[in-house]
Amino acid sequence: MSFDHPGLLYEGVEDYLTATTKFVRGAVAAGDAVLVAVPGPNLTALRDSLSDVAASVDFADMTVAGRNPGRIIPGVLLAFAATHAGRRVSIIGEPIWPGRSAVEYPACAQHEALINAVFTGRDAAILCPYDAGRLDAAAVRDAWQTHPVMIVDGGRQDSPAYVDPIITAAQFNQPLPAVPAGAARQPYSEATDLGRVRRFVAESAARAGLPEARADDLITAANELAENTIVHTPGGGVMAMWTEPGTLVCQIDDHGHLADPLAGRIPAPAHIEGGRGLLLAHHLCDLVRIHTTASGTTIRLHMTL
Amino acid sequence: MIEAGMLDRLRPGDHACVVIGDDETRVRCLATYISAGLRESDRILYLGPDPDGLAGDLVAAGVNAHPALARGQLVMATPEQAYLASGTFDPEVTMAGWRTEAGRAQADGYRGLRAIGDMSWAARPVPGADDLAWYEANVNRVFADGGAMAICVYDRRLFSAIDMERVNRAHPASVEPGADPEEDPALRFIRTFDPPGVRLRGEADLSNRQALRAVLERLADDTPADGRPLTVDVSELAFADAAAMRILMAAAGASRVRVTGSSPSLRRLLAFHGADAVAGLTVEAA
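Protein chains in written order, with our numbering: chain F, 84 to 388; chain P, 22 to 307.
These aren't lab readings, by the way, just hints derived from the structure by calculation.
The C-beta atom is built at its ideal place from N, Cα and C for all residues, glycine as well.
Any given hint might turn out to be false.
To be verified - Here are a few chain P residues that face chain F, going by a calculated C-beta distance under 8 Å:
id, residue
1, Ser107
2, Asp166
3, Asp262
To be verified - Residues from chain F that keep clear of chain P, each with C-beta distances beyond 12 Å, as calculated:
id, residue
4, Arg108
5, Ala113
6, Asp144
7, Val147
8, His167
9, Val201
10, Asp241
11, Arg282
12, Ala285
13, Pro350
14, Ala351
Stated by the list, open to error - Which chain F residues stay away from chain P? Per the calculated CB distances, all over 12 Å, these:
id, residue
15, Pro89
16, Gly95
17, Tyr188
18, Gln240
19, Val280
20, Ala298
21, Asp300
22, Ala346
23, Thr376
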């Protein structure tokens with residue numbers, strides 16, 4: 084029983100395939116349950132290279148399954164481990180790619196750090212490739228901070244920059260860009276306000292042209308988060324909605340403090356009725372960014388249009 | 022004094038919480054609700070303080086109360102003359118009382134019973150008053166039968182905010198002064214016999230969670246057993262939150278439950294909560 088979480092720095096597809104196929108073939112030979120969750124182009128290359136062991140490997144496009152980085156731990160990694168309970172799992176998880184936006188990135192870095200907190204003590208290996216040739220230098224530097232071990236030029240080394248994951252998660256608990264002046268706003272404070280909150284979200288989603296099924300998802304997520312405000316925090320909250328190019332944004336501001344950095348990342352036990360609001364938001368939305376302080380919390384939801 | 026709004030449009034089966042903060046609003050709400058009852062040929066039963074004073078207030082508000090009182094369509098008494106006669110509040114006895122009154126109203130030729138419970142007494146140390154939130158949630162099982170409807174009037178000057186919150190969430194609907202007059206009761210329960218079960222109409226969220234829980238938790242007890250699974254018809258349920266999914270799944274833990282008329286978003290939400298693994302639960306599409 085041990086957890087291994089190496090970061091892999093690669094440059095170019097050949098370098099990528101050499102390291103990742105070696106990881107997969109070793110894991111398959113050892114009898115592990117194996118999952119490859121990487122962005123589309125890398126997925127295609129890896130599938131082609133692994134055709135001989137494809138029956139022993141699950142594949143997922145990380146730009147879909149892990150579009151929202153906050154969904155990767157519960158929806159991809161823990162979900163895969165749960166379906167292979169009792170077996171060691173070996174996973175290639177590539178959550179950070181050059182197209183990740185500045186608003187998404189802090190959530191990606193928090194995700195990478197929190198993998199360490201969630202998987203410690205589990206029988207698992209999670210290899211995280213970083214496209215060192217194309218990513219910002221800062222993202223590569225952060226990889227050294229979020230991975231206890233790094234693989235560079237085919238060699239493993241302990242990362243001297245590795246930091247306690249909870250500290251790293253706190254470091255990326257960063258303020259969000261300001262809400263645009265023209266955003267629509269809906270305050271709420273009581274349970275009987277939730278219907279108005281849902282209609283507010285529905286109207287904004289319809290104006291933005293969000294398809295109905297996705298609008299239902301956003302309404303569900305926003306309702307759960309507004310309920311959290313009403314149940315767990317003093318003084319109500321405000322929901323704001325606006326569009327950015329290609330994205331509908333919904334932000335919840337309240338006076339609560341989200342003390343647990345793992346909130347929303349671990350499925351609640353089946354017998355517990357509540358406590359799934361944030362988990363559900365991660366599951367349904369394309370991005371969930373959180374900034375929390377002792378005096379208030381901001382949660383921003385993105386839906387791709 | 023009589024205004025259009027949710028109070029004017031409540032129907033048999035409804036159970037609404039009316040929170041008032043001043044006497045004028047109280048009279049206006051009661052006048053509206055009672056007028057609708059006279060119009061719809063309901064037996065109207067007021068159980069609250071000072072019936073004589075209310076009769077005078079109703080007349081002043083333009084409600085022709087005295088002929089209705091004389092012919093027995095409008096009946097007024099204090100809670101102490103009715104369900105508090107023993108000096109103790111017994112929720113089960115009170116619920117049985119509503120059933121009896123509903124049957125009597127229909128036997129007397131009325132459409133059904135339209136009740137008004139002024140709950141001011143519960144602010145006093147009446148034995149059993151602690152069971153109020155349980156009662157308000159479970160009395161929905163009586164109204165779901167469709168023979169009776171009720172509003173419960175709470176004066177927010179008499180109750181703590183916490184108490185108000187608890188009782189409010191036990192009602193499927195809440196009437197707020199100043200709300201959109203077109204607004205419908207948030208949630209309705211309609212008991213069905215073929216197939217046996219209940220139809221949910223409206224929106225299930227924190228504001229009516231305890232009502233939903235009571236109705237679904239006790240669905241097997243309230244449904245004559247005929248070997249068929251209990252049916253929860255959600256085809257008219259426009260919204261249901263995560264907790265509602267857990268409540269549905271819990272109901273299926275005790276008896277076989279068929280959820281019918283499920284929208285794609287509701288099916289996705291049930292799947293997220295692991296409904297596929299609940300042996301007693303089947304989910305059918307709309």
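Each hint, compared with the structure:
1. Given hint, Ser107/P at the interface with chain F, is violated; its Cβ is 33 Å from that chain's nearest Cβ, farther than 8 Å.
2. With 8 Å as the threshold, the beta carbon of Asp166/P stays out of range of chain F, its nearest partner Cβ sitting at about 26 Å, so the hint is violated.
3. The criterion of a C-beta within 8 Å of any C-beta in chain F is met by Asp262/P, whose closest approach is roughly 6 Å, and the hint holds.
4. Even its closest Cβ contact with chain P, about 34 Å, leaves Arg108/F beyond 12 Å, as expected for a residue assigned away from the interface.
5. At roughly 30 Å from the closest C-beta of chain P, the C-beta of Ala113/F stays outside 12 Å, upholding its exclusion from the interface.
6. Every CB of chain P lies more than 12 Å from the CB of Asp144/F, the least distance being 20 Å, so the non-interface label holds.
7. Non-interface status of Val147/F relative to chain P is upheld: no Cβ of that chain comes within 12 Å, the nearest being about 16 Å off.
8. The Cβ of His167/F sits about 17 Å from the closest Cβ of chain P, beyond the 12 Å cut-off, so the non-interface label holds.
9. Listed as outside the interface, Val201/F is consistent with that label: its C-beta sits roughly 19 Å from the nearest C-beta of chain P, beyond the 12 Å cut-off.
10. No beta-carbon of chain P is positioned within 12 Å of the beta-carbon of Asp241/F; the least distance is around 39 Å.
11. Interface exclusion of Arg282/F from chain P breaks down, the closest Cβ pair being 10 Å apart, not more than 12 Å.
12. With 12 Å as the threshold on Cβ separation, the claim that Ala285/F sits away from chain P is violated: the shortest Cβ distance comes to roughly 10 Å.
13. Residue-level check failed: Pro350/F sits 9 Å from the nearest beta carbon of chain P, not beyond 12 Å.
14. With a cut of 12 Å on Cβ distances, Ala351/F falls inside the contact zone with chain P, its closest approach being about 10 Å.
15. Against the 12 Å criterion, Pro89/F stays outside the reach of chain P, whose nearest CB is about 32 Å from its own CB.
16. With a closest Cβ-Cβ approach of about 39 Å to chain P, Gly95/F is found to remain outside the 12 Å limit, as its non-interface label requires.
17. With a cut of 12 Å on Cβ distances, Tyr188/F stays outside the contact zone with chain P, its closest approach being about 27 Å.
18. With a least CB separation of 41 Å from chain P, Gln240/F remains clear of the 12 Å interface cut-off, as annotated.
19. At roughly 9 Å, the least C-beta separation between Val280/F and chain P is not larger than 12 Å, which violates its mark as non-interface.
20. Against the 12 Å criterion, Ala298/F falls within the reach of chain P, whose nearest CB is about 9 Å from its own CB.
21. With a closest Cβ-Cβ approach of about 7 Å to chain P, Asp300/F is found to fall inside the 12 Å limit, against its non-interface label.
22. Remark: the non-interface label on Ala346/F is consistent with the geometry, its nearest Cβ contact in chain P lying 15 Å away (cut-off 12 Å).
23. The Cβ of Thr376/F lies farther than 12 Å from every Cβ of chain P, with a closest approach of about 25 Å, so its non-interface assignment holds.
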